Every structure is written in structure tokens, then in C-alpha cells.
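**Student:** The residues making up each chain are set out below.
Protein chains: 2
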Amino acid sequence: MLDLAGDIVDLLQTITDIESVSGNEKALADAVETALRALPHLSVVRDGDALVARTDLGRAERVIIAGHLDTVPVASNLPSSRRVVDGEDRVYGRGTCDMKGGVAVQLAVAAAVTGPVRDLTWIFYDHEEVDAERNGLNRLSRSRPDLLVGDLAVLMEPTAAAIEGGCQGTLRVAVRTHGKAAHSARSWLGSNAIHGAGEVLRRLEAYTAAEVLVDGLLYHEGMNAVAITGGIAGNVVPDLCVVTVNYRFAPDKDEAAALAEVTALFQGYEVELLDIALGARPGLDLPAAQAFAAAVGGEARPKYGWTDVARFSALGIPAVNYGPAHPNKAHTDDEHCRTEDLRLCRDALLRWLTA
Amino acid sequence: MLDLAGDIVDLLQTITDIESVSGNEKALADAVETALRALPHLSVVRDGDALVARTDLGRAERVIIAGHLDTVPVASNLPSSRRVVDGEDRVYGRGTCDMKGGVAVQLAVAAAVTGPVRDLTWIFYDHEEVDAERNGLNRLSRSRPDLLVGDLAVLMEPTAAAIEGGCQGTLRVAVRTHGKAAHSARSWLGSNAIHGAGEVLRRLEAYTAAEVLVDGLLYHEGMNAVAITGGIAGNVVPDLCVVTVNYRFAPDKDEAAALAEVTALFQGYEVELLDIALGARPGLDLPAAQAFAAAVGGEARPKYGWTDVARFSALGIPAVNYGPAHPNKAHTDDEHCRTEDLRLCRDALLRWLTA
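First to last, the protein sequences are chains A and B. At position 80 of the first sequence (counting the first as 1) the number is 80 in the numbering used here, and the numbers step up by one without a gap. Here the numbering used here = 1-based position in the second sequence + 355.
Same shape as in the complex, but just chain A:
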């Protein structure tokens, strides 16, 4: 049984040591469910390995506070360990940063705040680190849309205890060059598709990514080849080369605008859209977000990586990222969470929900 009222660092270590790589969330979901059902002020719903726990006090506002239970694969970094490094007290281990630190804060505050000034919907979900089709929040939005209603969502992804607004969008395209195959000993009979891709790479190298101001936050875009493949055999002039390009775009762009940027850059080439996920505007000008920002303090920053705030945004719910641990430590072998961040985030939420 998880001790939600005990030391929050112990709580983080306990849930970190229940390994929960995507697809293996059941044991942790069971533990969280048991702990939540022991809290009489919350009504709990389970959907697969996702849990939704709510107050229903008839408050004027309802806020959603969400986090995912799963992690990327373990890299010999479990069980967790607590060490002082560079003068900081830290918990090391897979998931401590992304994002069991946030989950520990959620659990501690869920137990502590029995009569919040805003109604609360706590969400703990599965399959965030894998493809969108399996994402637990995505599944909940289809199976139980009634549970995903609120005035503001806080996603407790690692932000080093600062508010990060919105997120960038991301798309991938395949840019193809065509040629004519021939034996490389008689290459003048063919046309080399790989040589033809040189111009595609040249345009990428010459491309200057935009910096875009959205709702007061500056987003730095990026246009990168993330893969290139070509070649049939060691003695054949290749007739096809495929450059996979990833465009990270500011959240002011919709699908058409993002695609237009890419097709303009690769004009004259065959461009196929492989996947796209729109960003989320920071939304910090919205009243619910401003109240949260005032309670937390500090200055908001833009979020670069794509996160599930975009799913809330698509549901019409303004959403921000806010959680313990430095985001650069996500997915790294030396993943860790500064223990001070746990207390900072817990106390900020307590202020916001009880003041």
C-alpha cells in the first residue's frame, strides 16, 4: 500500500521501483488504484490501466491534473537510488524524471487536499511513451469523454518546476528523388537518385528555422532530415532515394500551414506526409491559466517537445506543462529528479487548490 501521506521522496522511490515500461503498467496502476480508493473524498474510475479520481463539490471551476504511469525501457537504472550530486539531493532511476516525480506530487496532493477550492479530476494513464493509437489519454477521450471535462489541465511532465506553455507540433514527410537504375559499370545509361538528393540536403542545410512568438512565448522551430535511405546493390545505380524530414513547428500553425512550409521548401520533389501532430498554443492568456500561473509564480517558458497538452488543447481545454525534474533528463540513462522540485511542485499545487 502506497503511503501518500508520508515522505514524498520515499513515495517517489516506491513508485519508481514498481517497473512500468509501456505495456507493463498493471502493477503500478493496481497500487495507485488501491491508494486512491482509500480516499473517501474521491470517486475512482478505472479504464484499462488508467485511473480517474474526482471530487464533486460543485465548485465553479474544475481542473484536470494528469500524468502518465509508463516509462521508456529500463537501461540498468532500476531500482532507484538517492544520492547527493553537484550539491543536489536527487533520486536516480528510470521514470524518476519522466514522469513519476509528477505522479508522486499528484498522489501526495490528491490525498492531502480533501476540500479543494476548485473541483479536481486526477488522471493517471498508460501508454504515453508509445504510438498514439495506444495512448491511455487518447483512449479515455474516446471511451469516457464525460471524464475529460474541465476549465484547465495541468500535465505534470518534467519542466523543472516551471510552467511551460503549449507545445510545438511535429510532422514527418518522405521526400523522394527518382532516377533510372543501371549497372554501375555503365552508369551513363542510368540516372543516380542519390546524387539527385544532394539538392534536397542542400536546401535543408540552407534552411533557417523560424522563431515564432505565440501568446507571448517564443518558439524555435526545426527542420531536420532524420533518416536517409537509398541504394539497391553495390554495383547498381540507384533509382530511388528517400529523405525522411521531421518538421517541428510553432503552435500557431495548423496542418495546412505546416504542410505548406514543407512543400514549399521541397518544391519540385515528391513529398509524402507520413504523420502529423499539431501543437498546442500556450493559452496563458486564458483566465484559468493565469490563476494557476499566479499561484505557482515564476516566468512561463515555451515547451519544445510534443506532449499530451496538445490532446487537451484539441478537446478545447487550455493546458500547461508543469512538473518536477529537468526535461533534458527524460529518457537518459542517468535520469533523475531533484527532490527539492517535488516539494516545490507539491506546495505550489497546495497553494493553488486551497487558497
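Just so you know, the hints here were simulated from the structure itself, not pulled from any lab data. Just so we're clear, the structure is a prediction, and the values are computed from it rather than from any experiment. Positions of the beta carbon are idealized from the N, C-alpha and C atoms, including for glycine. A hint or two may mislead.
[Claimed, not checked] Label pairs and their computed distance ranges (CB to CB):
| no. | chain 1 | residue 1 | chain 2 | residue 2 | range |
| --- | --- | --- | --- | --- | --- |
| 1 | A | Asp285 | B | Gln622 | 47 to 57 Å |
| 2 | B | Gly623 | A | Val149 | 57 to 67 Å |
| 3 | A | Lys180 | B | Asp570 | 27 to 37 Å |
| 4 | B | Asn379 | A | Val85 | 35 to 45 Å |
[Claimed, not checked] Chain B is nowhere near these chain A residues, computed Cβ spacing over 12 Å in every case:
| no. | residue |
| --- | --- |
| 5 | Ser22 |
| 6 | Glu33 |
| 7 | Leu42 |
| 8 | Val45 |
| 9 | Asn224 |
| 10 | Ala264 |
Given chain A, put chain B in place with the hints provided.
**Tutor:** Same frame as chain A, but now just chain B:
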């Protein structure tokens, strides 16, 4: 059981339909072995999937007539089909050109000529279309050098029934560009190795291949990217891109001269030699080659593709290419062999070996 005395077009179709992509030659080698062992005038040795069948009549001269049994991968072009196209009767299918047409001629003549005026060494070998380490002729030259003795070698690679002298050399290098990996959402923290390969491709596109006169024959060189690979994951700026370049060079160049051409072209980049095979000078001024040329008639041309004539050349045996089918059809999806070429080659060999 192959019918070596029957119609030579039927024989080509039969051996074409025994698929023998490099590494899968066993079934065809078995069929050829059975057919050869039924011929009492030949003594047969098998080495892996290579076969050597010899007469031993004490003639003044011994000639080697060689062909490989393997093909490049099938491209939906099996089983074979016989069609009249552009007024020509042709057999279509993987291997018909490179070089089962030549193998069919070898088999038909091996059966027909029981008392040749020159002693004969017929060679059928494996793994010609892959790296030199696995080449069956290369293996035979190490394991059974006693079988690779002769005054002249005829390699029955496709030449459209004309003598093609010598062959070009070939080398492959890996040209590498390096960068710094980063999450593609924060790509300004990294450096994209694929973008860096654009200049390598630009130099290849701008390169003008030389035409070189050797022993009276003009060789047209070629410099081609035959593969390109790069990329770690769909959301990572890649730190490495590798371009594999194939240089086909005239037979006047030794290893140092060929390498110098490549390292000069890619100055400033990391260049690693992957493999090299020197060419063979045409050697048509040698007496044994002149006797063969007189029997066949027509005018000699340069051979562009690297062929195993260079292995014979390195063993001190003058060697020429001579076989049915147009060499431009090798490795193509519409690979085919003109049936008239089968008869032309068969009859020329019969004249040479029985006159």
C-alpha cells in the same frame, strides 16, 4: 535431368527456372553436376556449389570456358517466358542475360564436343554477384589451383556474342559525415550529419567521368553513390551519414591511382576503402586470344563491367568475355536473352573447338 542435347532455348528456360540467387545455387549446381557426370568424356570435380569438368586428351593447348551459376535477386521476373519483342525472339527472366544464356551454351557445347582439338576445362561457379570473399572462382583458385591452368580463358558473361576485351576495375569506399545527436524538437543543440552529406552528393553530381584508351580500346569510367544511410530515430538529429561510392576505373590504373582519384574527390571527408578489384587490360594482342578472335570473327570491344576475367588475368591466363545476350540487360527487371545469340555463340565455340 537437364537435356543438354535438346533445344538450347528450352535448356536456357529450364536452368533459368531453377532460381539460383547468390547463396541459393545448390539446386542448380546439383542439376548441372548430374548432367555433367552423365558425359563419359569429362572428369568432374565438385567444390561447394562449383563444378569443374575436364577433358584430358593430351592436346597442345588447354582452354578454360567459365560461367557463374548465381544471379542477383529476383524482381518478379521468374519463371522465364519466351516472347517475340521488337522482331526478336527472346527469353525473359532473372539470369537469362547474366549469365544463364552463357551457361546454356557451355552445357550444350560440353555435351556436343567429345573430342575437342584443344583440351577443355569447363567451370561453373557460385557467388559471383556478391563480395569477392565468397566468389566460387576465387575459392577454387585457392583450394584447387591445379584446376585453374590453361592457355586462354573464355568467360561467358553477356557480350551480345562479340568479344569484349579486358574489364574495368572497381572499388567501393564509404564516405562518412559526422554531426552531433540531439532531440529533433531542440535541433539547434545538435548538428545534422545527413545535411552535411549534401556536399558529398553535390561533388558526385558535378563529377565528370574520364574516357581512357587502353591497348586500342576506349574505357568509359563511372563514379556513383550506390548506397546512402543515416538516421537514428524519427525524433533524433542524426550524428552519422554514410555514402557508399562505387568507382569503376579503366584497366590502366593500379590500386594507388584509383584510390588517389577518390580521395581527391572527397577531400575533407572521412573516406574508407571497402573493397577493390583491379581491372584487366584487354590483352587481345596475345596469340591465344587472337586464335579465338579469328574463329569467332567480328570486332572486339572494351568490357565495362568488372568480370572474373580479371581473376584469370591475375593468375597469368589471358582471358576474354564472350557470351550471349546484351550486357545492358544484366540486373534489369526486363532482363532477357536473344535466342539467336545462343545459337551464334554455340556455333562459334563448336567451330573453334572442332576445326
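**Student:** Confirm or reject each hint.
**Tutor:** We went through each hint and held it up to the structure:
1. A/Asp285 to B/Gln622: 47 to 57 Å: For aspartate 285 of chain A and glutamine 622 of chain B the Cβ distance comes to about 55 Å; the hint holds.
2. B/Gly623 to A/Val149: 57 to 67 Å: holds, 60 Å
3. A/Lys180 to B/Asp570: 27 to 37 Å: For aspartate 570 of chain B against lysine 180 of chain A, whose Cβ atoms are near 31 Å apart, the range 27 to 37 Å holds.
4. B/Asn379 to A/Val85: 35 to 45 Å: Given a distance of about 57 Å, which is not inside 35 to 45 Å, the answer is violated.
5. Ser22: holds, 15 Å
6. Glu33: Non-interface label stands for glutamate 33 of chain A: nearest chain B Cβ at 32 Å, farther than 12 Å.
7. Leu42: It holds; leucine 42 of chain A is separated from chain B by about 35 Å at its closest Cβ, greater than 12 Å.
8. Val45: Consistent with the label, valine 45 of chain A stays out of reach of chain B, its closest Cβ about 32 Å off (over 12 Å).
9. Asn224: Violated, because the least Cβ-Cβ distance between asparagine 224 of chain A and chain B comes to about 5 Å, which does not exceed 12 Å.
10. Ala264: holds, 18 Å
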